[in-house]
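Q: Spelled out from the first residue to the last, the chains are:
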Amino acid sequence: MIEVKGLVKTYGNKRAVDGVSFTVRPGDILGFLGPNGAGKSTTMKMITGYLRPDAGTATVAGIDVAKDPVAVKSRIGYLPESAPAYGEMTVVEFLNFIGEVRGFRAAATRREKVERALALTHLESVRRQAIETLSKGYKQRVGFAQALLHEPPCLVLDEPTDGLDPNQKNEVRSLIKSMAADRAVILSTHILEEVDAICNRIIVISSGKVVVDETPDAFRARKPGARLDAIFRDLTSADA
Amino acid sequence: MSQITPVLKREFLGYFRSPVAYVFLIVFLVASVGLAFFVGGFFKANQASLQSFFVFQPWLYLFLIPAIGMRLWAEERRGGTIELLFTLPLTTLDAVLGKFFAAWAFLVLGLALTFPLAITVGWLGDPDWGVIAGGYLGSALMAGAYLAVCSLLSSLTKNQVIAFVLGVVVNLVLVFLGWSVFNGLLSGFLPVPAVDFIANLGFIPHFDAFAKGILDPSDFAYFGSVIALALTLNYVALER
Numbered sequence: 332m333i334e335v336k337g338l339v340k341t342y343g344n345k346r347a348v349d350g351v352s353f354t355v356r357p358g359d360i361l362g363f364l365g366p367n368g369a370g371k372s373t374t375m376k377m378i379t380g381y382l383r384p385d386a387g388t389a390t391v392a393g394i395d396v397a398k399d400p401v402a403v404k405s406r407i408g409y410l411p412e413s414a415p416a417y418g419e420m421t422v423v424e425f426l427n428f429i430g431e432v433r434g435f436r437a438a439a440t441r442r443e444k445v446e447r448a449l450a451l452t453h454l455e456s457v458r459r460q461a462i463e464t465l466s467k468g469y470k471q472r473v474g475f476a477q478a479l480l481h482e483p484p485c486l487v488l489d490e491p492t493d494g495l496d497p498n499q500k501n502e503v504r505s506l507i508k509s510m511a512a513d514r515a516v517i518l519s520t521h522i523l524e525e526v527d528a529i530c531n532r533i534i535v536i537s538s539g540k541v542v543v544d545e546t547p548d549a550f551r552a553r554k555p556g557a558r559l560d561a562i563f564r565d566l567t568s569a570d571a
Numbered sequence: 007m008s009q010i011t012p013v014l015k016r017e018f019l020g021y022f023r024s025p026v027a028y029v030f031l032i033v034f035l036v037a038s039v040g041l042a043f044f045v046g047g048f049f050k051a052n053q054a055s056l057q058s059f060f061v062f063q064p065w066l067y068l069f070l071i072p073a074i075g076m077r078l079w080a081e082e083r084r085g086g087t088i089e090l091l092f093t094l095p096l097t098t099l100d101a102v103l104g105k106f107f108a109a110w111a112f113l114v115l116g117l118a119l120t121f122p123l124a125i126t127v128g129w130l131g132d133p134d135w136g137v138i139a140g141g142y143l144g145s146a147l148m149a150g151a152y153l154a155v156c157s158l159l160s161s162l163t164k165n166q167v168i169a170f171v172l173g174v175v176v177n178l179v180l181v182f183l184g185w186s187v188f189n190g191l192l193s194g195f196l197p198v199p200a201v202d203f204i205a206n207l208g209f210i211p212h213f214d215a216f217a218k219g220i221l222d223p224s225d226f227a228y229f230g231s232v233i234a235l236a237l238t239l240n241y242v243a244l245e246r
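Each protein sequence line maps, in turn, to chains U and W.
Oh and the first sequence: position 198 is 529 in the working numbering, straight run, nothing missing.
Oh and the second sequence: position 144 is 150 in the working numbering, straight run, nothing missing.
It should be emphasised that the hints constitute simulated quantities derived from the structure, not laboratory data.
All of these numbers come straight from a predicted model, not from anything done at the bench.
A hint or two may mislead.
Using 35 Å as the maximum straight-line C-alpha spacing, the simulated DSBU-like pairs for lysine-lysine come out as follows [stated by the list, open to error]:
#1 500(U) - 554(U)
#2 444(U) - 50(W)
#3 444(U) - 345(U)
#4 398(U) - 508(U)
#5 15(W) - 470(U)
#6 500(U) - 470(U)
#7 470(U) - 164(W)
#8 444(U) - 15(W)
#9 218(W) - 398(U)
#10 444(U) - 508(U)
#11 336(U) - 164(W)
#12 15(W) - 467(U)
#13 444(U) - 500(U)
#14 345(U) - 467(U)
#15 554(U) - 398(U)
#16 50(W) - 467(U)
#17 540(U) - 508(U)
#18 540(U) - 218(W)
#19 50(W) - 398(U)
#20 345(U) - 218(W)
#21 470(U) - 336(U)
#22 218(W) - 50(W)
#23 470(U) - 554(U)
#24 15(W) - 164(W)
#25 164(W) - 500(U)
Label pairs and their computed distance ranges (CB to CB) [stated by the list, open to error]:
#26 442(U) - 175(W): 43 to 49 Å
#27 554(U) - 84(W): 58 to 64 Å
#28 564(U) - 69(W): 52 to 58 Å
#29 69(W) - 385(U): 39 to 45 Å
#30 175(W) - 395(U): 37 to 43 Å
#31 395(U) - 31(W): 42 to 48 Å
#32 443(U) - 84(W): 29 to 35 Å
Pulled a few chain U residues facing chain W out of the computed Cβ check, cut under 8 Å [as the list claims (entries may be wrong)]:
#33 379
#34 413
#35 415
#36 417
#37 419
#38 428
#39 432
#40 433
Virtual Cβ for every residue (Gly too), placed ideally from N, Cα, C.
Please build the complete structure, drawing on both the sequences and the hints.
A: Right, dumping it as structure tokens:
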């Protein structure tokens, strides 16, 4: 569904992403791991068409994002880091705007999509509240609602549980799990337990390169009995 | 292209979701009518025309339009919503035009709200309605040119203060080029054709023609070219 081949992105003289390749199939929940600054967000921004890669390609459902960015963007639901949204709009206004851009021009269809997204993310109680007045947890959920409003075949989530309390984290995780059945999901995180809880594949990226691409079981088997973060530390110590 | 509408709608209504719209409209109306009455000698001139109203517009726009234009892109950059916007299925051109037309429509609304002045003139005397219509048309076009310049400058920074200051300075240059006082200075040491050429690059000579009721295609072309050029550069700056 999502195919990434040899992606490269350079900022100044720092190579943020250095030849990253992987494939995500429907049903996959790919945990994208790595220390801060390893290139996780940059890779996601290239897949979603926000940044143009210096080299390499990213294709979604067989469409090259560099060739037809709009077609790719309409197939992806993207939750950028820290869930940006237009703060002066209310939750419903914002989701209506997203729905309209996503092509739901008929008011009835749009309302249905918005209501579904509100229900899935438990936002009904704050629907008429301006987004800037919401707490971090609610803002994150608005970002979620926005990403899944059009029921996209691919979800790209940049630190979806960042800043949430343990209960909210649990809720978001079960939400992701419930949506993953026939979708390709990429989520980045630096919380290892999260990967263990929901992902069926792990990619560890360090200094812009993929150092691990395997199942959580295989990852754990690298050092039987050791904690996941010990394995993680061994793999990414080059970044420190 | 159909993706312009949702962006335009969101942006236009956005002015009314915050006090910006009301503050701007009130200041614009008080200042433009106040200048016409107290500085321009609206009554003293004893003429049924809006000449004393239109003559101050290039100067008023110098401060008010950068105040509207500064946030167009700088705010999106600062708030991170630019990443959201550009991962939605729309092109950069859709976004540039949607935002520009929304802000322009808002300015034209402000201009239209000065209509009681025209009614007053019509009630007190027998004005040439063609000249008044020309003045309004020229003013709207000139506002578009100021705005396009401000939109471009706003896309270069995430700091709205910088966007505002640059907007004032660049527009000031464009006003000065065509200001009779400045042209008088230039003619002290430059040949007349050179001064004419420079003056024609500025806003005022083209606006004055409209305000006199002269609808010359070359004046339409001038404002149209400034808008097109600034928005093209705006597009290029965002695509980079």
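Q: Which of the numbered hints above does this structure break?
A: Hints 2, 3, 9, 15, 16, 18, 19, 20, 23 and 27 contradicted; others consistent.
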